[in-house]
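J.: Whenever a hint applies, use it, and build me the whole structure from the sequences.
So the sequences go chain by chain: A and B.
Heads up: the first sequence begins at 1 in our numbering, then just goes up one per residue.
Heads up: the second sequence begins at 94 in our numbering, then just goes up one per residue.
Careful: at least some of the hints might be erroneous.
Said to hold, decoys possible - Now the in silico label distances, taken between C-beta atoms and shown as ranges:
#1 B:Gly332 x A:Leu88: 29 to 35 Å
#2 A:Leu74 x B:Pro416: 46 to 52 Å
#3 A:Met76 x B:Thr203: 20 to 26 Å
#4 A:Leu88 x B:Asn310: 47 to 53 Å
#5 A:Lys50 x B:Gly121: 32 to 38 Å
#6 B:Gly121 x A:Arg55: 36 to 42 Å
#7 A:Arg85 x B:Thr322: 56 to 62 Å
Claimed, not checked - According to the in silico footprint, chain B covers these stretches of chain A (three or more CB under 8 Å from chain B):
#8 4-14
#9 63-72
In short, the hints are calculated from the structure, not lab data.
Here a beta-carbon is modelled for each residue, glycine too, at the ideal position from N, C-alpha and C.
Chain by chain, the residues run as shown.
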Amino acid sequence: MRIVNPGFGLTPAGAEQATEGKVDWLNDPIVLFGNSKPNARELLEGVKAKLAGIRRTDNIDFVAKNSASQGAPLEMINDAAKKYRIALLALGD
Amino acid sequence: MSDSADTEILDIADLDQEAWQDYAIEQGWSDGLPLVMPTEASVARMVAAAHGDNEGFAAISPRQVVPTMASLAANAVMAGAKAAYFPTILAGLRGILDPSYNLHGSMATTHSCAPMVMVNGPLRQALDINCSSNCFGQGWRANASIGRAIQLILLNVGGGKPGVMDRSTQGSPAKYAFCFGENEEESPWLPFHVRRGFAPEDTVVTVMSGEAPHNINDHGSTSAEGLMTTFAHTIAQPGANTVYGKGPYMVVVGPEHAATFHRDGWGVDKLRDELWLRARIPLKHISEENLATYAATGHHATGDFLTICRGPEDIHISMAGGPGKHSAFIPSFGGTAVVSTRVKLPPAGIGA
Numbered sequence: 001m002r003i004v005n006p007g008f009g010l011t012p013a014g015a016e017q018a019t020e021g022k023v024d025w026l027n028d029p030i031v032l033f034g035n036s037k038p039n040a041r042e043l044l045e046g047v048k049a050k051l052a053g054i055r056r057t058d059n060i061d062f063v064a065k066n067s068a069s070q071g072a073p074l075e076m077i078n079d080a081a082k083k084y085r086i087a088l089l090a091l092g093d
Numbered sequence: 094m095s096d097s098a099d100t101e102i103l104d105i106a107d108l109d110q111e112a113w114q115d116y117a118i119e120q121g122w123s124d125g126l127p128l129v130m131p132t133e134a135s136v137a138r139m140v141a142a143a144h145g146d147n148e149g150f151a152a153i154s155p156r157q158v159v160p161t162m163a164s165l166a167a168n169a170v171m172a173g174a175k176a177a178y179f180p181t182i183l184a185g186l187r188g189i190l191d192p193s194y195n196l197h198g199s200m201a202t203t204h205s206c207a208p209m210v211m212v213n214g215p216l217r218q219a220l221d222i223n224c225s226s227n228c229f230g231q232g233w234r235a236n237a238s239i240g241r242a243i244q245l246i247l248l249n250v251g252g253g254k255p256g257v258m259d260r261s262t263q264g265s266p267a268k269y270a271f272c273f274g275e276n277e278e279e280s281p282w283l284p285f286h287v288r289r290g291f292a293p294e295d296t297v298v299t300v301m302s303g304e305a306p307h308n309i310n311d312h313g314s315t316s317a318e319g320l321m322t323t324f325a326h327t328i329a330q331p332g333a334n335t336v337y338g339k340g341p342y343m344v345v346v347g348p349e350h351a352a353t354f355h356r357d358g359w360g361v362d363k364l365r366d367e368l369w370l371r372a373r374i375p376l377k378h379i380s381e382e383n384l385a386t387y388a389a390t391g392h393h394a395t396g397d398f399l400t401i402c403r404g405p406e407d408i409h410i411s412m413a414g415g416p417g418k419h420s421a422f423i424p425s426f427g428g429t430a431v432v433s434t435r436v437k438l439p440p441a442g443i444g445a
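T.: Structural data, given as structure tokens:
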């Protein structure tokens, strides 16, 4: 028997992943991106402390979007993309 | 989500009713209740009812795939909807996909929000959408299956699987189905959609990412002033999501309360303005820890209170229900909007 798949969907145009360039995990700048909830900051501080044991940390910065319920503004994402090679995200609650 | 999501038509073994239910649950397609099988013929009937609606759809979060009319119709069939309901389901979905609704945030949140669906206009009666007694409850196929179809679309196309991408801490009964009509016939006020600029003859679906209705019981007050005291203090809850993530809310006034407000000369604008001024949370009702957290994220008190919305324009008033001294308050997720979309009907009428 034949049925219509209720989960069927198409990948939207322009959804290709960016794959340009290699990442240097020991030296490239990192943004620690939080969702503005208190525990996100705690998680990211823990990540930074762990990273300090294996790499430089003078180019690791914190950024938080201003609303946990809203997506980050495009300008904020674009700025982060220009300045950093690596983004680590935390969704604390 | 099924591994076979990239195939629109599935050729499966012949299944009896019980085996079909087991199969559908294994695929992750069910909300826990039995589903109607989306055969090609039943889906085609559903799609035919929507031939007045030819616009494409945006990708549905959180899975971010673009649905086809057939995959949407399959969910409507599974929900038990009649084909004639499908244009209304699609209008509700279009509202949910409006960027201001913030579907991704409302799906991924730990809050208990679900799509509230309110229908205005002539199709309410043609489809037998309950607007009167028990309008938020059980007993009407249109209310139940329109709301359920939208939820199934978000589950199956959108990928909002509970505990995976739907991260709600406790969920809500409203996540099964939350659809009702405004009781325009008994309302003393202009219909909600007309106040939003639509024509009275338009059928309009309004959506908001909201909690299940909170009851407002007031049997004693016989004046608008008395009712407002109860309404304002019921609405001003320190546990509301919108204490810090400001956003809209909906007040669904019951017909007896509406008649009292109207008799005392209170229109919708007056109700909204008074709620804005009075439905405020005294700081003494909010813990020091919460106040510190709110302040740290930029949500400062402006006096000795916090509001639960940004201004009177965030307060939406409608009228529904039957006899009785009850009204309802529907808080929103916060980072969302109340979106109204006109139902696009086939030229010949309301569809199959």
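J.: Indicate, hint by hint, whether the structure satisfies it.
T.: For each hint, the structure was consulted:
| no. | hint | result |
| --- | --- | --- |
| 1 | B:Gly332 x A:Leu88: 29 to 35 Å | holds, 32 Å |
| 2 | A:Leu74 x B:Pro416: 46 to 52 Å | holds, 50 Å |
| 3 | A:Met76 x B:Thr203: 20 to 26 Å | holds, 23 Å |
| 4 | A:Leu88 x B:Asn310: 47 to 53 Å | holds, 49 Å |
| 5 | A:Lys50 x B:Gly121: 32 to 38 Å | holds, 35 Å |
| 6 | B:Gly121 x A:Arg55: 36 to 42 Å | holds, 40 Å |
| 7 | A:Arg85 x B:Thr322: 56 to 62 Å | holds, 58 Å |
| 8 | 4-14 | holds (count 9) |
| 9 | 63-72 | holds (count 6) |
Going down the numbered hints, you'll see the structure goes against none, and every one checks out.
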